[in-house]
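Construct all of the structure, not just a fragment, from the sequences and the given hints.
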Amino acid sequence: MKVVENLFPELCNIYGESYSVEYLSRCNGDIKLVQTNHKDVPAFVTEDVDMVYLGCSSERKQEQIIEILKPYKARIKELIDKGTIFLATGNAIEVFGKSIKDEDRVIEALGLFEFDSVRYMEAERHNSQYVGSFKADNGPITMLGHRSQFSFAYGDFENFPHWLDIEIGIGMNKETKREGIHYNNFFATYSLGPCLIMNPLFAKYLLRLMDIDDSLLFENEIMEAYEYRKHELRENLANS
Amino acid sequence: MGKLKFLVAHWAAKASVVALKITKHNGTNFPGELAIKICPDFLKYIDKPETIIGVTGTNGKTTVCNLLIDMFTADGQVPLNNRAGSNINSGIATSLIHGANLFGKCKHNLGVLEIDERSALRVFPYVKPNYLIITNLFRDSMKRNANTEYIADILSKYIPKETKLVLNADDLISSNVAPENPRVYFGIDKMDSDIKECTNLINDIRICPVCHSKLEYEYLRYHHIGKAHCVSCDFKSPGYDYCAKNVNIDDMTMEIVDKDGLGNYRLISNGIHNIYNMVTVIALFRELGYKHGIIEKLMSQTSIVKSRYNAVPAGKVRVINQMAKENNALGSSRAFDFVSKEPNDKELILMMNCLGDEKHWSENTCWLYDCDFEFLNDEKIKKIIVTGPRYKDYILRLLIAGVDRAKIVDTAHEIDAPDLLDFTPGEDIYVFFGTDSLALGNKVLAKTIDLAKERGDK
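Line order of the protein sequences matches chains A and B.
Here the first sequence is numbered in this note's numbering, starting from 1 and rising by one per residue.
Here the second sequence is numbered in this note's numbering, starting from 1 and rising by one per residue.
Check the hints yourself; a few may be wrong.
Here's a subset of chain B near chain A, in silico, CB distances under 10 Å, partners left out [unchecked claim]:
#1 Gly60
#2 Lys107
#3 Glu149
Below, computed lysine to aspartate or glutamate pairings styled on EDC-like, alpha-carbon distance capped at 20 Å [unchecked claim]:
#4 A:Lys32 x A:Asp214
#5 A:Lys177 x A:Glu158
#6 B:Lys157 x A:Glu59
#7 B:Lys157 x A:Glu122
#8 B:Lys214 x A:Glu108
#9 B:Lys259 x B:Asp241
#10 A:Lys101 x B:Asp153
#11 B:Lys143 x A:Glu124
#12 B:Lys196 x A:Glu10
#13 A:Lys39 x B:Asp234
#14 B:Lys359 x A:Glu103
#15 B:Lys443 x B:Asp422
#16 B:Lys453 x B:Asp428
#17 A:Lys77 x A:Glu59
#18 B:Lys157 x A:Glu158
#19 B:Lys157 x A:Asp214
#20 B:Lys214 x A:Glu67
#21 B:Lys236 x A:Asp102
#22 A:Lys230 x B:Asp357
#23 B:Lys297 x B:Asp337
#24 B:Lys157 x A:Asp104
#25 B:Lys407 x A:Glu219
These are computed hints drawn from the structure, not numbers from a lab.
Note that the structure is a prediction, hence the values are computed from the model and not measured.
From the three backbone atoms N, C-alpha and C, an ideal C-beta is built for every residue, glycine too.
So this is what it looks like as structure tokens:
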């Protein structure tokens, strides 16, 4: 049995995020999905789970999540170093950086990766999409992402374990084409929502990383929707 | 200098109104946009009605405004309103320009203004409602509204301190906006159909905002709407000043109880969201001193605007247009819930596509997984036609929701969708579309009605 832990769905499910791991668990009967409430000790603290998911939250809840996870920082680092799969989407990526600046306030984050984030709450919300890629076990995987955010991350992303090389769209901020974090099996991206449903090839990759059959639920339909959207994004974004 | 600039802006805007009329371009925001461009604080200087009723919130604000305007009109008043334009600052400016004389003096005693939640910071510094109704706050388009905490914070920051709030006690998010303001609460007492645990994908307030413990519901209607309390601290839903009791969908009746007594009302819609809209309007009229009997009489002369929900008998079926805003999981969830509970067999056309997005990129599909497509996994729904740019995403979403593949039919082109309907006698056909695809949606609707009549004649 493979254990996938969905951290704090009552806090981190504001754009359909929880459906990612729900979908993954329905793909393979060997996956046990654990939903962890923010008042409970996460399963990853006491057992070697196979995958941990943290979704996007409101800014206030993001700060709450950092405080909840701070006592487990060493354990999270240990699991990342051991190769446990982590997936963080939306502003959950910022939880793992050094700090988040919000006007005069500086919120100390977990500090597991070398970058800082800045919120621009008074500015217009940034909305965009991306097409990017990374090298997986059996070749490059093209990833599609939806962004909608008030904050951006800053750091030396050229010399950073970034996840995606962006073909269309922006990366961690408007000046870089490097997006996300990929270190061992830790993956994080600013992309929102049901990341695994939007990226079936990545979902298959995660199943292979868990050493289980990589067949997907409704594989034909999910691949068709992905290919259609990829084509549409490339066509429309390139022409806009 | 400011006043002079204002007058120049006002006259230019007035001239543009005439030009727009001549060129048959009524109903645009252009006069307001022009005025604000010339005089950025135009809203500060233009005269306003003596009494202003503002209406904001995620869902129901247009319906509530329409009911208020229709009822005030039936009462012999001429409320200034922004029904024909938009609910942002330029739309409100346009309405005020229309309602003012050449010197900027307002010709109306009363104003009913729909105000976009996010425009609070541009509107409330200058337009200070005597009463502000907040219908509810749910997650909306992520691209504009981010999340409910963000919107609630904006409202709390910008609502004028003197404005009296008319709030939904059954919504723990909007009922806590601007806590220092004077306020009254409306709500609907426990109903037979209520539940205790949320079964919807969207629940925007799962934990206590004070101590972060679990919220327990005495009754829950949908999403986070209901009466709740924190299991660990004193946080709880406020009490009702205007309470709907004994809501009877079969008899289409309800009672409203307040400190001065009881009123009996006929329901003008059997949808719970519209019953909330009714209770909201009644609460406002009671605040203005109207007697229950008068309110009931005025309300009986109104109806829900037909662009949002309209059933037309055609041939041997009924064809229904069902407003479901694009990129708004909540609105579609509520519509799916309502439709799934309707008694007849039905076929659906889903075309809530954000056509504007398709010109530049691919529509953000996150909302599909916030939206309760699971309601459509229902034996009375015989066929679902998915169409438009997102049809492949709809197929996948419906399958994940448990809908039988054999029931799902697709076509890329919306206008072809009615050809795929069965038009089984006695059934209802729902066409789901939103404001972004309004023109195309109306064409599909018209074709569906025509085909239904043709089939009915055979």
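Now the hints, each set against the structure:
1. Gly60: Cβ of Gly60 of chain B sits 21 Å from chain A, so the hint is violated.
2. Lys107: 36 Å, violated
3. Glu149: Since chain A brings a Cβ to about 4 Å from Glu149 of chain B, closer than 10 Å, the hint holds.
4. A:Lys32 x A:Asp214: 16 Å, holds
5. A:Lys177 x A:Glu158: Holds - the C-alpha atoms of Glu158 of chain A and Lys177 of chain A are around 9 Å apart, at most 20 Å.
6. B:Lys157 x A:Glu59: 17 Å, holds
7. B:Lys157 x A:Glu122: 13 Å, holds
8. B:Lys214 x A:Glu108: 27 Å, violated
9. B:Lys259 x B:Asp241: 7 Å, holds
10. A:Lys101 x B:Asp153: Status holds; Cα separation ~19 Å.
11. B:Lys143 x A:Glu124: Holds: Lys143 of chain B and Glu124 of chain A sit about 10 Å apart, inside 20 Å.
12. B:Lys196 x A:Glu10: 17 Å, holds
13. A:Lys39 x B:Asp234: 18 Å, holds
14. B:Lys359 x A:Glu103: 35 Å, violated
15. B:Lys443 x B:Asp422: With a Cα-Cα distance of about 19 Å, the restraint between Lys443 of chain B and Asp422 of chain B holds, given a limit of 20 Å.
16. B:Lys453 x B:Asp428: 13 Å, holds
17. A:Lys77 x A:Glu59: 24 Å, violated
18. B:Lys157 x A:Glu158: 40 Å, violated
19. B:Lys157 x A:Asp214: With Cα atoms ~50 Å apart, Lys157 of chain B and Asp214 of chain A exceed 20 Å; violated.
20. B:Lys214 x A:Glu67: Given pair Lys214 of chain B, Glu67 of chain A holds - Cα atoms ~18 Å apart, limit 20 Å.
21. B:Lys236 x A:Asp102: This hinted pair is violated, its Cα atoms lying about 30 Å apart.
22. A:Lys230 x B:Asp357: Holds, because 15 Å separates the two Cα atoms, which is no more than 20 Å.
23. B:Lys297 x B:Asp337: 30 Å, violated
24. B:Lys157 x A:Asp104: 18 Å, holds
25. B:Lys407 x A:Glu219: 19 Å, holds
This entry does not satisfy hints 1, 2, 8, 14, 17, 18, 19, 21 and 23, going by the numbered hints stated previously.
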